[in-house]
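Novice: If you count by the numbering used here, then the sequence shown holds residues 1 to 222, one letter each, in order.
Just so you know, these hints were derived from the structure itself, not from any lab.
Positions of the beta carbon are idealized from the N, C-alpha and C atoms, including for glycine.
Check each hint, because a few of them may be wrong.
Unchecked claim - Label pairs and their computed distance ranges (CB to CB):
no.	residue 1	residue 2	range
1	Arg219	Lys191	49 to 55 Å
2	Gln107	Glu80	43 to 49 Å
3	Arg183	Glu144	55 to 61 Å
4	Arg160	Ala192	44 to 50 Å
5	Ala221	Arg183	52 to 58 Å
6	Val202	Ala178	31 to 37 Å
7	Arg24	Glu75	33 to 39 Å
8	Ala217	Lys176	57 to 63 Å
9	Ala201	Asp162	52 to 58 Å
To be verified - Straight-line alpha carbon distances no greater than 27 Å define the calculated DSSO-like cross-link-like pairs of lysine-lysine that follow:
no.	residue 1	residue 2
10	Lys191	Lys177
11	Lys176	Lys187
12	Lys198	Lys187
13	Lys177	Lys187
14	Lys176	Lys191
15	Lys70	Lys55
16	Lys198	Lys177
17	Lys177	Lys163
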Amino acid sequence: EEQDSAAGKSSGDGAAVAVQRAERAIMLWRRSRTEHTEDVPTLETVMAEAELARKRADELAAVAETMAIKRLEQEMEAAEIATAALNGALDDKGIKWTREGRRRQMQADVARRAEETAAAEKLVAEAKALEDETAASAAAAAAEAEALEEQRATILAGIRRDKELAAAKERAIWEKKALAAERAAEKASEKAETAAEKAAAVAERDAAAQQRSEEKAQRAAE
C-alpha cells in the first residue's frame, strides 16, 4: 500500500486513482473481516486489483519518467535557447566572450601572420642583400680577374719585348763579333800576304845573291 501510494504520488493523477481504488479494495476487505457483508470482495480479488494497480502505477511511472525526460529535454532546449538569447544579448552589448575570444584569436592570427610575413620579408631582404653582395663580389672578382689578365698580358708583352730586345742585342753582338772576326781574318790574310811577299822577296833576293855568288865563284875558277 505504501509502495502503491508512493507510485501514485510520483506518477500523477492516474496513478493516484489506481492507488485509491486499491486502498478502497483493501479497506473493504478489512471491513469484511469484521462486518461479514455480502458486497465485500474476496482477498484474491483485492490482491488482483492491487497487482493491477501496481502494474498501472509502473506503467504510469514509466510514462511519467518518459514525460520527465521529455520535459528535461525541453528544459535543456529552453536553456539552450535562453543561453543563445543571452549570448545574443551579450553580443548586442559587445561583451560576448565567445566573439571576444574569436576576435582575440583573429587578432592573434593576424599578428602571427604579420610576424610570419615580416619574417618572410626579412628573409627575402636578407636573400636580396646576399644576392646583391654576391653580385657585387662577383663583379669585383670579375674586375680583379680582368685587371690581373691585363696585368698578365702587360707582363707577357714586356717579357716578349725583353726577349726581342735581348735577341736583337745578341744578334748585334754576334754580328759585331762576326764583323770583327771577318776584319781580323782580312787583316791576317793581308799580313800573311805581306809576309809571303816579303818572304818571296827575301828568297828572291837570297836566290839572286846566291846566283851572284855562284857566278863569282865560277868566274874565279875560270
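Novice: For every hint, state whether the structure bears it out.
Specialist: Hint-by-hint comparison with the structure:
| no. | hint | result |
| --- | --- | --- |
| 1 | Arg219 <-> Lys191: 49 to 55 Å | violated (41 Å) |
| 2 | Gln107 <-> Glu80: 43 to 49 Å | violated (29 Å) |
| 3 | Arg183 <-> Glu144: 55 to 61 Å | holds (57 Å) |
| 4 | Arg160 <-> Ala192: 44 to 50 Å | holds (46 Å) |
| 5 | Ala221 <-> Arg183: 52 to 58 Å | holds (55 Å) |
| 6 | Val202 <-> Ala178: 31 to 37 Å | holds (35 Å) |
| 7 | Arg24 <-> Glu75: 33 to 39 Å | holds (37 Å) |
| 8 | Ala217 <-> Lys176: 57 to 63 Å | holds (59 Å) |
| 9 | Ala201 <-> Asp162: 52 to 58 Å | holds (57 Å) |
| 10 | Lys191 <-> Lys177 | holds (20 Å) |
| 11 | Lys176 <-> Lys187 | holds (16 Å) |
| 12 | Lys198 <-> Lys187 | holds (16 Å) |
| 13 | Lys177 <-> Lys187 | holds (15 Å) |
| 14 | Lys176 <-> Lys191 | holds (22 Å) |
| 15 | Lys70 <-> Lys55 | holds (22 Å) |
| 16 | Lys198 <-> Lys177 | violated (30 Å) |
| 17 | Lys177 <-> Lys163 | holds (20 Å) |
Violated hints, in rising order: 1, 2 and 16; the structure is consistent with all others.
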